[in-house]
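Participant: These are the residues of each chain, in order.
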Amino acid sequence: MFEKVLIANRGEIALRINRACHEMGISTVAVHSTADADAMHVRLADESVCIGGATASESYLNIPGIITAAVITNANAIHPGYGFLSESARFASIVEEHGINFIGPTAEHIKLMGDKIASKSKVKELGIPVVPGSDGEITDLTTALKVSEHLGYPVLVKASAGGGGRGMQVVHEKSDLEASISRARAEAKAAFGDDALYLEKFLERPRHIEIQILGDGNNNVIHLGERDCSLQRRHQKVLEEAGCTILDSEERDTIGRKVCQALSKLGYKNAGTIEFLYENGEFYFIEMNTRLQVEHPVTEMVTGLDIVKEQLRIAAGSSLSLSQNEVSYRGHAIECRINAENAADFTPSPGLVKDYHPPGGLGVRVDSGLYAGYRVQPHYDSLVSKLIIHGENRNECVMRLRRALDEYVITGISTTIPLHQEIIAQPEFLAGDYDIHWLAKMVERRTTP
Amino acid sequence: MFEKVLIANRGEIALRINRACHEMGISTVAVHSTADADAMHVRLADESVCIGGATASESYLNIPGIITAAVITNANAIHPGYGFLSESARFASIVEEHGINFIGPTAEHIKLMGDKIASKSKVKELGIPVVPGSDGEITDLTTALKVSEHLGYPVLVKASAGGGGRGMQVVHEKSDLEASISRARAEAKAAFGDDALYLEKFLERPRHIEIQILGDGNNNVIHLGERDCSLQRRHQKVLEEAGCTILDSEERDTIGRKVCQALSKLGYKNAGTIEFLYENGEFYFIEMNTRLQVEHPVTEMVTGLDIVKEQLRIAAGSSLSLSQNEVSYRGHAIECRINAENAADFTPSPGLVKDYHPPGGLGVRVDSGLYAGYRVQPHYDSLVSKLIIHGENRNECVMRLRRALDEYVITGISTTIPLHQEIIAQPEFLAGDYDIHWLAKMVERRTTP
Amino acid sequence: MGKFEIEETAIRKLSELLKENDLTEIEIKEDKKTIRVSRSLQFENHPVSQMAPPSEDQTIAKKEASTTKQTGEAVLSPMVGIVYLSPEPGAANFIKPNDLVKEGDTLLLIEAMKTFNPLRAPRSGKIVEIKVSDRTPVEFGEELIVIE
Amino acid sequence: MGKFEIEETAIRKLSELLKENDLTEIEIKEDKKTIRVSRSLQFENHPVSQMAPPSEDQTIAKKEASTTKQTGEAVLSPMVGIVYLSPEPGAANFIKPNDLVKEGDTLLLIEAMKTFNPLRAPRSGKIVEIKVSDRTPVEFGEELIVIE
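Chains as they are written, first to last, in our numbering: chain U, 1 to 449; chain V, 450 to 898; chain D, 899 to 1046; chain G, 1047 to 1194.
Simulated from the structure, these hints should not be mistaken for lab results.
Ideal Cβ placement from N, Cα and C applies to all residues, glycine included.
If the Cβ cut is set under 10 Å, some of the chain V residues that face chain D in the computed set are:
1. 483
2. 497
3. 499
4. 501
5. 513
6. 517
7. 518
8. 543
From just these sequences and the hints, can you work out the full model?
Facilitator: Written out as C-alpha cells, the structure is:
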C-alpha cells in the first residue's frame, strides 16, 4: 500500500479522501490555493503545500504545481477527486510519467470516455444499450418514416452539427414528421450552415439512473448497484438516491451484468460510473464518468463498502476486495447536496460561516469542510456539504432526512437546506414518482404564482 | 401509534429519543430543570415544560412534576430513557395509573429485576446460567471441600450478609480453603455481626458481555446479539463493542436462544439487557437492565435496527417488527463514552463549551447534546457525547475510530477523548485481549511510573 | 469534612485583578487548597442561537422572566401544574388586584396529580398584579403574582 | 490551613508578560504553590482554531508571511518548486547580500517538473536578504529575497 498520497482537490471530497487515507494508515499531502490556507482539508492533512493563487487555473488546475508538490513531498500517488483534473487524460499521463501512481483509470480510458461520440460507439459495441436512432444521416422522407416507425413515436429530429437544442424537433405523430424535418433542416442550415439531420428515439419522462462499478484492470469488474439522480436543476444533480424506487432487483442485476461484461472486456481499472436515461423499463447510455462521483456515498451507505478505500487498493495493485455475489444491499440512502446559495433564487452566497452545527444520531452522515468561522470562498463550486441519510427502507430514510435537515444549523451564509426541505415535502417525491424534468417544474411552480 | 410522547430525561438520551419520535411523526415534550432551559433536548423538542430546580431530585426525579407535565400537554406516553426514573417500578405504575403509556416493561418486571437476589433465583429457574455456588450457607469444612471441588478452584468465600468486598476471600487451592473460611468468618462477624458464609465460583479474568433483547409482552422475544462492555473503570463502562471479539456465532446463538426462551416464559415486554460475566466459554448472569442502555447504539450499528423506534412500537401495542431469523449482523461497532472529565485524573470538568466540531464521514455517528456556547452543568452525569463508529470489520472500525477521535474538537472543557485515544493505541486492545480489570490496570500503569 | 471557609477577601481581590488585567482565569494553589476565579468573555458571538426557536404551538407559553417594571416582588410557581384562582367553580377568587394580604394567606391553588396545593403569600403586602389566568397551566419558576 | 496570600505583584507581572508575549496562559509552580493566569484571545471569531496544528514534520516549513521589518520589498515565489541559488553545482551564486541588481537580472532558479525557471529581479536595487537556502523546497507565495 502507498505510504503517502497527495490529494489534488479541495472541499468535502479532499476531506473524504483524507479520511480514507488516514483510516488505512496512509499519510496525506494537501495542496491548496492561497484562498484555502485555512480550509478543513488543509487542517486535517499531514502535510500541505500552497501551489498557487485563488483561481482554480492557478492552483487546482495547475499541473506543474501539483506534480512538483508531489515530488517534493515524496508522495507515492495522487488522488484527483472529482472535477478539476480528475478527468484529464493529460494529467493522468503526466502523473504516471513522473513515476507517481494515478488513483483512477488509465489515461487511455479517460480519453475514450471523455469523447461523446467515440464513447457511445464503443460502449454500444461492448453491449451497453444506447439511445436507438438512424445509423447516420437521414436524406429522404421514406427512410425517415421507416426509421421512426421502427423506433416508435415520439422521435427526435436532430441536426448532425447541432447543439444547444437548435435544429431539434420532437415528433409525436407520423403525420407531423415531414413538416418537422423541414423546420429542423431550415433551422440547422441557419444555425450551423449544415442541414444534415438524424433521428433518435425521444424520451419523454426519463429518469437518470447510473451504475457504480469497480474494476481491477485485469478484466474483473463488479457493480455496486444503481443510483437515481433524476432530481436535477440545470443539469446539476441536487438529490440522489440508492436504490431507485422503480427498479426491481432483477432489472438491477440485468443492467449491472451488462455493464460489468462490457467494462471487463475493456479492461477498465478503478472506480467508474455509467450514466443512463431510463424509461419504460429500458436503459439508454448517456456517458461514463471515469472518476469518483459526488454522490458515491449513497452507494457506500447501502453496500457498506468504502469506495475510496477500494480505489486506493486497486491503484496499489490489489485485486478487488470482494466478488459480485458478496455485494449486498441494505436499506435505502439519500444524499442532499447543500450549496452555499440562496434557496429561493439560487444566487451564490459565499461568506463567513457564523454558527455551524451538523445533525447527528443514527443513520446520519455529514461530509463537509464547513466549520464555525470558516469563510466560504467565491472562487469555487458552491457545494459546501453533503448530508447523507440511511434508513432501513425509503420511508424511514425520508423521515430521518427530514429531521436531520431540521437539525442542521449553518448561519452567516444562505444554503439550499430549505430547497431540500421543500423537495421532500412534495407528494410526488414521497411517492418516488419523478423524472429528470420534475425538479425544474417544482422550482418553476413556486416562482410563477 | 402515539401522537405525543413526553421524554422524562435530559442530555444525549433525551435527544436520541426525540429523534426517534420525530422520525416516526410523533411530537415531543421535553421536561427540564431550570439549569437545562438552553439544553439541546429542550431546543429540539416540540414543546417543553420546566418542572423544577437544578438538582435531579427537584426535576428529573420529580414524579408529580413529570406526571403533571404529561397531563397538561396531553402526552400519550412517557419514555424514561436510562438512569433517573427509568428503573423505578413505582414511577412506571404511577404513569400507567394516570392512563399514560409507560415506554418500558411492566412495573412488576422492573421490580423483579431490580431485586438482586430475587432476579438471580428467577432467571436461574428460567434457564439462564448464573454463577454456580453452594445452595445456601456453608457450615462445615467437609461440605465446603466437596462444593469447592465441584465448582473447581479458584472459589470465592462470601459473607451472606456481605457487601463492599468485606468477608470475601479468594481461594486458589484446596489447602487454603480452611484458613480462608476462618478469616472470612471472622471478618464477616466483625463487619456485619453475622458469620454466615457461602461459596461461589471465582472468575479471574471475566469479560462483561450482555445480550440485547426485545419482547412484545405476548411471549415473543428476540435478541439482537451481544455487546462487550468489559472496558470499565470503577464499574462505569467506558467503551463498548458489538460484537465481542472472542465470541463465535454459535456461542452467540446459544446464549441468545437461552435468554429469549427465559424471557419469553416471563412474558417480558419492551427492550431489556441481560448482563453476564463470561469466562472460558461460560456465561454467568449478573443482572438484567429493564430499560434502554447507554450503549444501545453499537447494536443498532451492526443490526441496522432502531431500538428506540422498536420500543415505541412495542409500547403502542404493535408486534415485533421482525423475527429472530430476520436479525442479521454487519461489520463491527464501537462506542466511546466521552465525559466532561480530565482524562488524566478523572476530575469533573463542567463549564462553557467554546468550540464544538464533531467528526463526520462514513461510519461515524455522534449522539451528543453539546454545541458551541453550551454550558455543561455540574448537577448531572458527566457523559456529554457518545462517539459511535461502524466498520466492515473490527480493524476498519478501530482505524476509523482513531481518525474520528483525532477530528473531534471540544474546547473550553476537558473531556475523556485522550483516554480513548490512549486505550485504542494499546496492543491488548488492538488484539481484543482484555477483561473487566484491564482498563483499571492501564490507568494505574500510567500513574505509577 | 470540615466546613468550607470562603476566603471572600481573596476572591474579591482575584476578581479585581482578573478584570483589571483583562484575564479570563486565575488559579492559585497552596498545599491542598485551590482558588480559581474565571470569567467568560462577552463574545458578541451566540452560536446555535438561531436554532429551534420555541414552537408557536407550545402548550405553555414562555413568558419572559424579566423583572417586572412595577415595584413589587413576584411570587414564583413552586411546581408545574394548573392554576385555580378560586377555591371552587363559581366561587369568588382568593385575591384580586389591590387586595391587602397577610403572610400565609392563600393566593391561589395549583393542581398537580389531582392534588390542590395552596400557594400562600410569602409576606404581607398589596397585590399589584395577577399574572396568570384561571385554569391555565404554569411551569416551575413562572411568575404568578406580584406583591408590593 | 493558612489563609491565602494573594501575590498581587506576581499576578500583575504575569499578566503583563502574558500580553506582551501574546500568550493565553502562564502557570508557575514552586514547591506546593501554583499560580496560573490565563486569557482568552479576543478573536473576532476563530473557532476550531485549536484543531490540527500544522504537523512538525511538514516538508515545507511554514514561514510567517509577515512584512519584513527592514526596509525593502520581498520577492515572492511565483510557483511551488526547489530553489537553486547558483546556475550549476559548484558555481557561484547568482546573488549575495548587498549586491546591486538590475531589473531583469536572474536572482535564482526554481525547478518544477525538471524545468529550471529563472526568478528575475522585479526592479533594480540592493539585495538586503536571501531568505531561502540552496536546494530547498518553496511554496507558492513564499518570500525568497528582499530587495531594498
